[in-house]
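2 protein chains.
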Amino acid sequence: MLVQKKTFRVTDFGTQGGRLIKEVRVGYETYGRLNASGDNAILVCHYFSGNSHCAGKYHPDDPLPGYWDAVIGAGKAIDTDRYFVVSVDTLCNVGAKDPMVITTGPASIDPDTGRAYGASFPIVTMRDFVRVQKALVDHLGVKRLKCVAGPSMGAMQTFEWGAQYPGMVEKLIPAIGAGLHAEPYFIAEIDLWILPILLDPNWKGGNYFGGPEPVEGLRQCLRTITLTSRAAGWAQRSFGRKWASPDTNPLAAPENLYEVERFLDAYAIERSRFAEAAHIVHLVRGCRIYDIDEGDSSIKAIGAPTLLISVTSDRIMLPSYSRRAYEELRAQGTPVQWAEIDTDGGHLDGLYEIQRVAPQIQAFLEHSNARP
Amino acid sequence: MLVQKKTFRVTDFGTQGGRLIKEVRVGYETYGRLNASGDNAILVCHYFSGNSHCAGKYHPDDPLPGYWDAVIGAGKAIDTDRYFVVSVDTLCNVGAKDPMVITTGPASIDPDTGRAYGASFPIVTMRDFVRVQKALVDHLGVKRLKCVAGPSMGAMQTFEWGAQYPGMVEKLIPAIGAGLHAEPYFIAEIDLWILPILLDPNWKGGNYFGGPEPVEGLRQCLRTITLTSRAAGWAQRSFGRKWASPDTNPLAAPENLYEVERFLDAYAIERSRFAEAAHIVHLVRGCRIYDIDEGDSSIKAIGAPTLLISVTSDRIMLPSYSRRAYEELRAQGTPVQWAEIDTDGGHLDGLYEIQRVAPQIQAFLEHSNARP
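So the protein sequences, as listed, match chains R and G.
Under my numbering, the first residue of the first sequence is numbered 303, with each subsequent residue one higher.
Under my numbering, the first residue of the second sequence is numbered 303, with each subsequent residue one higher.
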């Protein structure tokens, strides 16, 4: 499946925090076709470091397809022969320097000043992302969403959809998510992610644009994100106690690395090429305050049948967070199901091993009853 | 039980890495009495941020006793009416500024220069700690150890005892430990602990003595250690999503904290008063290279009956690490038992909830067969 990135524009976007963004530009992708009644659409919300490229390739020679390609496509669990799939780059997208990402955030030019927003860009929330998505699907002619689905930060947006637009969403698939709000341990852990950026002398309170960037802080931040998104089994299988170089015993000097350390450093450098430090900080702040019950919203509004997916070895979005959401929804009468990816690789197996629950996703979409 | 800290001195101490420390001074404590045949001693090895104060109080009005007081004392699982308990401050002890800690490390004065060692202090290992302990127990007249026990980093030293001095140790109790070597995920996680220190401009490669200290890095390091030593259940029970102040909604501004964040910050500041950044960095490096099979040592030598203790919710010293040690020891014929502290508070429950496995500890000491 060959796909394209397109651009969507919203003017005078009011944020949940009461601020105004004069122009929002975000990228999006669609796969399959919207039917005449506009009711065969499925919205997929992406994870923290991801973007709207959830399936297909831009060019036949791309090394990898979109992140959930194993379950999105013709004849797959989310069948693009039947459904019209939409996905949208979030505001403050991590990959702001990726030419295939279109986003609006601290690195964008503030039309009032002609310079990057920097720290003056408003804090945006999961609910803000969902409002941008709502504007897009309205614009595309979607009347009703068969389902909203997404992994990790995408699961937070999935629940926001269920609470904000209950009349428009038939089903929810929040995968490897934080539950119905950011729990305190999760808050403290994602604080840790951005700490190296905040400690970088080039950070300058988020107003580094036009000067040297907090490169070292960004790399260490991405190293931490990779580590917490994995688990012990992954490290043991991939590296064991192998040295980074056969000639340099780590016992001899602290700068002699183990292979796991070398990999994490090198991978962080690779990831940092397309990542924007200020966007990561903003995004963590948006995740930190995630709470379905914030303001006049309520989990009571979530009545759509829900399929929760978790990874048993997840160290950052703990299965217990999803389990608590499961219990709360069940207690209020929302039809809720549970599917588990039982692997030892950690959080990222919610992307790499999603095909393990493809049958449950397919059955949930086809057979589970719509909300009464 | 009132106890005292004493000082032990070793001259010309050769490290595992082949370096010489002209004078080693460490603190130690003893409880109970050594019998005439010198064979009723139990050595307790302390955890990463701890010291030899594992039971009793220095003064009747001390707010808290030593960390394993629930299981060490007259009539307790480790019964000081029967056993002579010894515990020793490690080299490079974290609490080097605590007046009740006596240690030798980067902050100590190098007799060759009259100034702090700083980065020139050798990397020391679990095996070095154990060699210092061996010199002390010899000096005290101990002929045979009924048991070596200890939590977390103390469990690493416990296994080193079993491998280095198999003829001298009757039983081992490694609690909430890393298993028989530092696994790669653990290595990468403790790298994270010291990252804020290494990023602090005052760190100066570990040669900050006489100048400004890496205070901010030290605090953030201790915050990270506290967090990874706890777990989600602890945070949920203790704080939930409560705001640090009822007037300041974290949604309104990123500097408005949740209570969990305020607690972690304040507790890190409190802990940092007595902690020495360079010692923490050295200690992490010692833990990183922990491997019973390093050099001419071997787990094959560990024949002493072993009681492994783990905490189900431990996020840093995973139960799977202890489980792997259990399997390896069992496979080679070492008598091995398993006790579990089934709580949701994380690693530190191996200290705070140790009384839950007091019956298993007592039974193991009294009834399990000594090594053939």
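In short, the hints are calculated from the structure, not lab data.
Do not rely on the hints blindly, as some may be mistaken.
Treat identical chains as interchangeable: a pair holds within one or across any two.
Stated by the list, open to error - DSBU-like mimics (lysine-lysine), calculated; alpha carbons at most 35 Å apart, straight line:
id, residue 1, residue 2
1, K399, K506
2, K602, K544
3, K544, K378
4, K307, K544
5, K506, K307
6, K445, K506
7, K445, K544
Return the numbers of the hints above that this structure violates; sort them in rising order. 3, 4, 6, 7
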